[in-house]
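Take the given structure of chain V and dock chain H to it, following the hints.
So the protein sequences, as listed, match chains V and H.
Numbering-wise, the numbering used here puts 862 at position 306 of the first sequence, and it's gapless, one number per residue.
Numbering-wise, the numbering used here puts 977 at position 421 of the second sequence, and it's gapless, one number per residue.
Simulated restraints, written as ranges between beta carbons of each label pair: (1) H:Tyr658 <-> V:Ala913: 57 to 67 Å; (2) V:Asn938 <-> H:Asn664: 42 to 52 Å; (3) H:Ala646 <-> V:Lys1019: 38 to 48 Å; (4) H:Asn984 <-> V:Gly860: 16 to 26 Å; (5) H:Asn918 <-> V:Gly982: 20 to 30 Å; (6) H:Gly982 <-> V:Ala913: 28 to 38 Å.
Below 25 Å or equal to it, Euclidean Cα-Cα: the simulated DSS-like pairs (lysine-lysine) are: (7) V:Lys798 <-> V:Lys761; (8) V:Lys954 <-> V:Lys916; (9) V:Lys951 <-> H:Lys890; (10) V:Lys1032 <-> V:Lys1019; (11) V:Lys954 <-> H:Lys890; (12) V:Lys890 <-> H:Lys951; (13) V:Lys1032 <-> V:Lys1102; (14) H:Lys1102 <-> V:Lys559; (15) H:Lys798 <-> H:Lys757; (16) H:Lys1102 <-> H:Lys1032; (17) V:Lys1102 <-> H:Lys559; (18) V:Lys782 <-> V:Lys682; (19) V:Lys559 <-> H:Lys1019; (20) V:Lys1019 <-> H:Lys559; (21) H:Lys1032 <-> H:Lys757; (22) H:Lys954 <-> V:Lys890; (23) H:Lys798 <-> H:Lys769; (24) H:Lys790 <-> H:Lys711.
Hints listed in this document are in silico derivations from the structure and should not be mistaken for laboratory results.
Ideal placement from N, C-alpha and C gives every residue a C-beta, glycine not left out.
2 protein chains.
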Amino acid sequence: MAKRIIIIGAVALGPKVACRLRRLDPDTDILVIDRDNMISYGGCGIPYYVGGDIADIEGLCSTTSHAIRNPEFFETCKGIRILPRVEATAINRREKTLNIKYLDDNKNETLTYDKLVIATGATPFKPPIPGADLAQVFTVADLHAAKKIKDILAKGQAAKAVVIGAGAIGIEMAEALTDLWGVETTIVEMADQVLPTALGKNISKVVENQLKKNDIDVMLSERVIKINGTPTLKVTSVETTKGTLTCDLVVMSAGIRPNTQFAADAGLAVGNSGALIVDRCMRTTDPHIYAGGDCVELRNLISGENITMPLGSLANRQGRVIANNIHGRATQFKGTVGTFCIKVFNMGVATAGLTSAQAKANGFDPVHAILAQHDRAHFYPNSQLMCINLIADRKSRKILGIEAAGNQGDAVKARVDAIAPLLQTGLNVDDVCVLETGYAPPFASAMDIINNAANCLDNILDKQNRPIDIMDFIQKFEDGKTRVLDVRDAKEAAPFIKKYKERWINIPLPELRARIKELPENQSLCLICGTGARSYESQILLNQNKITNTRNIQGGYAMLALIAPEFIQV
Amino acid sequence: MAKRIIIIGAVALGPKVACRLRRLDPDTDILVIDRDNMISYGGCGIPYYVGGDIADIEGLCSTTSHAIRNPEFFETCKGIRILPRVEATAINRREKTLNIKYLDDNKNETLTYDKLVIATGATPFKPPIPGADLAQVFTVADLHAAKKIKDILAKGQAAKAVVIGAGAIGIEMAEALTDLWGVETTIVEMADQVLPTALGKNISKVVENQLKKNDIDVMLSERVIKINGTPTLKVTSVETTKGTLTCDLVVMSAGIRPNTQFAADAGLAVGNSGALIVDRCMRTTDPHIYAGGDCVELRNLISGENITMPLGSLANRQGRVIANNIHGRATQFKGTVGTFCIKVFNMGVATAGLTSAQAKANGFDPVHAILAQHDRAHFYPNSQLMCINLIADRKSRKILGIEAAGNQGDAVKARVDAIAPLLQTGLNVDDVCVLETGYAPPFASAMDIINNAANCLDNILDKQNRPIDIMDFIQKFEDGKTRVLDVRDAKEAAPFIKKYKERWINIPLPELRARIKELPENQSLCLICGTGARSYESQILLNQNKITNTRNIQGGYAMLALIAPEFIQV
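Only chain V is shown next, with the shape it has when bound in the complex (with noise of 0.2 Å):
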């Protein structure tokens, strides 16, 4: 067993190493050291403390019993002694040396270690825009940063307000600014999606859709190029690519780079993204140093390749593999499949695994099907339509990614959930045909949407279901050739009849199979219904009469509102 232990880092995954290691051993010298004064707080809460749903700042840094976790508390409660305001400066790696510099004083000390923890976690990255130092210019780095908003927004001195990056937590601030202080806000993102990391086209478009329903601005494939400002430092505007965005408040939330360099220095090996390379135990290439959350490369379990993913759930798991392995007891941490979940507005989007462009530029042959159902039986009230996007492998029918959206957050999550954990074992489409899930009518359908997902998936890579997607099919049908076979009731048909005229045929189901002659034989043609569940119907029912140039619109009319709100204002 290790003498002394060296944490450098007091957020997440440093005290879970310290805590775990200490009720392991009661004997072990552990020392935590931080550059802030601020320590072990939830860092994923700053939105909710900026937007409101906290009140004070000191619920981030709360246990469940109200305790404060500051240096004292990790003394009397944990075992655990933290040197808050100290930075790591250098590893000397031969030695098993530290050098630190007390911030407060600038001395700076040698300690040594038997094994050291790097927990240094990401700075966000603040783009070289000229402009960013200016006051009213945030990151969301800290709680410092955080106060500072909330004070801003608290005084009234924040009207207009621009948000740099679609990510996680530009979405969440943004959020934050728009619905408790009625910040007029635009966010400016660089690629032509919101989360572009986390969501394939689709489904993007409908968080994008519903941000902009909520009044916040999205601006895309747009970068911001200057952000002027008075003598005074206040910010006035934001200058993109174009125009100019008056505003008094930026927030800029474009990335986030790992705080290695100094382990770096020591030769630590870093991957492309600067982040520490580690192995499943969660050891950098010195055995005697462990690292582990925001600042290290994990195996993304699907596609093989390294990633960063930084939350603090992975964190403070990562936190316990490690403090069992520097007690002796081998424990590994895998990888990650990138499972990801985030609250916009009403809404409650979550994914995990690769998006369909992701698949594609790791060598898979990706196959969605894009669904919307109801998440609990339709007949319960309080039943809401949920849509998801389910992935796979065109040869291997391996299930790559998964990724929905609806008003009841945690139905939404319980969906994704439900394959996320699974997509590491190989998961098949044949496989989500008949998943077990829970069933009763307050929590899903008999065929869950998971389990239809899976089955239309199947009918897609059977070619018994030929699809487009929403975008696709507008695309398609602005050329003007196509027409759409519109399945539903004559009613709901009705004013896209009035308005796309021929172009627009209305046969609702259950006449299909009598007027099915009416349907011209050769013309390409799209079939709509309320989700895609009877177009698919209709398909069939066409390809066994012999019309086959036809596309089923997937989702149907709901994810034609998701998606293309201005499409169905007829």
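For chain H alone, kept in the frame of chain V given last:
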């Protein structure tokens, strides 16, 4: 490809087989028969119809697009012929013929088949109790019974009811009677707990208390021996082993019996339950006859034994498998892990796998961990306590089962569904310690309850945590020799100290290191905190100070409140 397919039974599985088969092949002759005139309804929705969540019975027979699923619907929309009010009376397997009887005119007919599908379901068991045939004694057999029960309630003809059996349907019906109609309801159950096949002792006690809290009387370990009535056949009272309960309505939910007599008569193999034996392609012992749904036995994928698992969800999944196989595409349904969920007033309860008792009966050596924890980040608004019981085999560390309950049902289901499909992969405790489910503060804690439950189980297996269940603690405490160390705040402990004097010691965790010498050294000590986490921390600390005769009360005060609410009335 077979020419003529006859499907016996037009609820859940039957129609699913028919519709899938029609989509796979337009030419097969498919005939579905059913004894009833009401077909393809959501039988699981009956309690919600009786309880008023669903206003009209049509809701249970409608598609999501509000079409009534009657024979005409199947003919026009699905291309399927359904004959209602027709009973299968005999199978001649050598001739491949089926004898049927038209129930309205008692005519008989013999039909030939190429493949036969038995989807006859099950009938509620009516215990042979004197008085069981009185009017106002019901089973929840079908929509006719549902209508009759609701009529009686709507007319105000029932003020007091007895429900026989505390299985899922009994509990759902008791809630329906009480919640909307204010009927004084008593559940009488033979076993010593509610939901005896689904839950272990601890979580079943939580459900029992939830029922009692909502004004339902629960009588356990008790049998109904007679139902008394008036000459006009009205029910007046029910006699149990212990006394007489006046009532004017009796609902029997004492299990079901598969409708397989005609199939057994034809020589098809049936198991101990009376349900048909099928292989993983859902074929009976006759290769031309398939069966599924409530009339078959399924392999329990954990115990390896056959069980019946009458759920519409499984029936529908099996339906697709049968259709695929008939169409010539080998598809398997491997079995079940017994995933189950139920709403009990505002509480959601979910479970999968084996209970501890079932695990023991199947030769395992079960160890369990019980945990109470918030279902989302504890600092997030609307965060609520959930409890989980996670069960593993001591030697192999394989997860055998999980049970959970909490007030946000979808969140409860999310946890169980994340484990359930993995159970058949041989998932072990260590896998669940690092199980990757979606994390964001509105949906989970950074250390989710699932991971913490596994950590807790790991600690128990590792003998770091020596736990005691609530009910065992109460028994132990009543013997007068055990003392309690309460490590919560003085204020929280005060009422217990007032009641139990020196038998209830309070040292808040932050003071424990300093005051450890105040503790008796060799006396039996049960440790309690809010949820079990701080008492575990205390147990470690006491261990490290050679005070080892301690037991950690699993789930702490939170579980005490759920399992023994009378104990906290101090």
